[in-house]
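So the protein sequences, as listed, match chains A and B. Just so you know, numbering that gives the first Met the number 0 puts 357 at position 358 of the first sequence, and the rest follows in order with no gaps. Just so you know, numbering that gives the first Met the number 0 puts 215 at position 216 of the second sequence, and the rest follows in order with no gaps.
Hints are computed from structural coordinates only; laboratory data are not their basis. Hints should not be assumed to be uniformly reliable.
Said to hold, decoys possible - Straight-line distance between alpha carbons at most 20 angstroms, and here's what the computed SDA-like set of lysine to any residue pairs gives: (1) A:Lys134 - B:Asp40; (2) A:Lys134 - A:Leu146; (3) A:Lys394 - B:Asp148.
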Amino acid sequence: MRPSTAVLAIVALLAFAGCATDEPTVAASAGASQAASGPGTGAPSTFFVQADYDKELALLGATPTGPAGKPWEQVLDPTMVQTAKFKKPGPYKICFSNAGLNNPWRQVGFKTMQAEVETHGRDIKQFVHVDAEGKDQKQIADINDLLGKGCDALIVSPNTTATLTPAVEAACRQGLPVIVFDRGVDSTCPVTFINPIGGYGFGHVAAEFITQRMKPGGKVLALRILPGVDVLETRWSAAKVAFDKAGVELVGVEFTDGDPAKTKKIVNDYIQRYGTIDGVWMDAGAVAVAAVEAFVDAGRPVPPINGEDQLDFLRQWKDRKLTAVAPTYPTYQWRTPIIAALRILGGEPVSSPWKLPQPTITQDSLDQYLDPDMPPLHYAMCGCTDLPGYPQRWK
Amino acid sequence: MRIAERRRLPVRPPRVRPGGLVPILVILAVLLVLLTIRQPDFLSPPSLMSFLGRSAPIILLAAGQYFVIVAGEFDLSVGSLVTAQVVVAARLIDSEPSRTWPVILLLLAFGAAVGLVNGLVTTRLRVSSFITTLGMYLILVGAVYLWSDGAPKGGLSEEFRRFGRRAFEDVFLVGRVPYALLVLLAVAGLAVLLTRSDFGRTLVAVGGNPRTAELSGVRVHYAKTMAFVLSGLAAAVAAILIGGYSGISFQAGAGLEFGAITAVVLGGVALGGGRGSVVGAMLGALTLETLFTLMNFYGVSGALRSTVQGAIILLAVAVSALRSVPGKGIQ
Chain A
0 MRPSTAVLAI VALLAFAGCA TDEPTVAASA GASQAASGPG TGAPSTFFVQ
50 ADYDKELALL GATPTGPAGK PWEQVLDPTM VQTAKFKKPG PYKICFSNAG
100 LNNPWRQVGF KTMQAEVETH GRDIKQFVHV DAEGKDQKQI ADINDLLGKG
150 CDALIVSPNT TATLTPAVEA ACRQGLPVIV FDRGVDSTCP VTFINPIGGY
200 GFGHVAAEFI TQRMKPGGKV LALRILPGVD VLETRWSAAK VAFDKAGVEL
250 VGVEFTDGDP AKTKKIVNDY IQRYGTIDGV WMDAGAVAVA AVEAFVDAGR
300 PVPPINGEDQ LDFLRQWKDR KLTAVAPTYP TYQWRTPIIA ALRILGGEPV
350 SSPWKLPQPT ITQDSLDQYL DPDMPPLHYA MCGCTDLPGY PQRWK
Chain B
0 MRIAERRRLP VRPPRVRPGG LVPILVILAV LLVLLTIRQP DFLSPPSLMS
50 FLGRSAPIIL LAAGQYFVIV AGEFDLSVGS LVTAQVVVAA RLIDSEPSRT
100 WPVILLLLAF GAAVGLVNGL VTTRLRVSSF ITTLGMYLIL VGAVYLWSDG
150 APKGGLSEEF RRFGRRAFED VFLVGRVPYA LLVLLAVAGL AVLLTRSDFG
200 RTLVAVGGNP RTAELSGVRV HYAKTMAFVL SGLAAAVAAI LIGGYSGISF
250 QAGAGLEFGA ITAVVLGGVA LGGGRGSVVG AMLGALTLET LFTLMNFYGV
300 SGALRSTVQG AIILLAVAVS ALRSVPGKGI Q
């Protein structure tokens, strides 16, 4: 191969690799390393909406209504809507258009949902699941296909918000009840939208914990998965507010792509560059263990850190006696759409939006979520221990 | 490094030749000086050892890629091969320490087998290696996705992870010597021996001018296929170190093929084959890692990494194209 051909080939491949990312990038980034210079943490994220932030922080302290010990049936600040027009006799065929099963969180969630379906026995005659594999276009086609299959209710977990909105609206026009959960759509046509408190709550809880456990003016490293995804941007923008308020020194904001090796290298570099890091904030728990290991392998104490409810992190927390906290984006929310669908088809009123509690695992509650038999990538906040097939189904 | 340079002087003419080690050593030295100015204790033993340990996988991949590139081909499948190996290892070991060694052997065999297929398809079916290994890349990505339902399962045992993570502690003078560094030195030694052997010379001849090589009785197909097998084996060893360093991940090998190719080119190996040394390729990888560390210490956004890699490939190829004598061949 001649050098010139080789150059063309490499350039083509680089371009190809750029396109091959399957992460749903909703909007352009506001810039990667805007931190680290000037006072505070820089300009607020373009994703920051003060009213939503205030609302979510208020919900963190709200008392949920609903059965105690079953957070997937509880509602924060309920606003009931009538569903009598959807009432029909069972058993029902329930259809689910899923954005994807492309990460452990969705894997755990979907198994939880399948188990929830089983608990309803004869009320659900058929449960149809279509996996969009993380592709907007496939999900639009999937929803369209499901509309011709005689579903009694349609559950949608959209891949991206804006692109899937017209498809969901088309489904609403068919007259069947549509339930959206996890990520939302820009429409009020679904009967309800189910999700936990949200990203501001997550980012705030983690940042508050870290700033309270470290000395004022200490050095914080923020690790983010990738820019431009709304659920992650809200987490970061809430953390920024907390960091500015506490007056900490934000030494870096780095994107890890969810890659543990990259995370470990980044943290290692920061340890070398600054000597000590006093706190590590993360927008998602996937690479928390890698960050912890970077400190351990460098022979340094692990500073206050947050992870998520994945068991590998919870085990590190327990074994290494970390100063840690785990805000969650609970996988038990996958149970709720099935419950909501059956209530709607039974003509019972449901809350819209349906805001679920978003518990935080703290030192005090750590032990109750540590199950030694479950695999490392399992999410402890699955609300699945009482479901059929536990624990085998989740292994 | 100075010593190495001086030793070469009597053997080689003092002018800077394309494919020689002088340019990469100069670049590396400059980067190290810049790094030391910014971060004086970077060259202190603990920090240097940890840097070398974590750079071992990409250096290994560069060595593997060297064999393929010097023979006039490409191996784009190594990144996804590393990911596949890590995911397979986690699922097969499933946190069970006793399965560590059988799985390691299996990974090496798997790496060699993937290399063999790449080599056979390229040489026997005469498919351009660029396309062959791109196809293999996609096949491995898809197969891993299918096999694991889109999310990694299982777990790596501590016995498996120690190769990439642990170190000999309290070594005289240097303190901590990562196992990964020892693995790297062993493989690098083997690679150098291999390039000095008949096979190594044959490979360069094949890359320089396959027709001439064939006419002089070289089994071109065999040599090229073996180059792919070596690259696959290097990927297997790199996967063991990466899996050990950072644990299970779907991202384990993402982008490593570009890193390896950039490193090889940076190390003075000609894309298109026929020129360059494996030591240069490995130094290229070390230089690239040093450059990224430097960028981090100077606060340059990590997002610029791929831009820098692309620029290096273009620049290095442009420079070597300007320098290369028409009708390049074995020198």
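We went through each hint and held it up to the structure:
no., hint, result
1, A:Lys134 - B:Asp40, "47 angstroms, violated"
2, A:Lys134 - A:Leu146, "19 angstroms, holds"
3, A:Lys394 - B:Asp148, "13 angstroms, holds"
Hint check: a violation occurs at hint 1 only; the rest are consistent with the structure.
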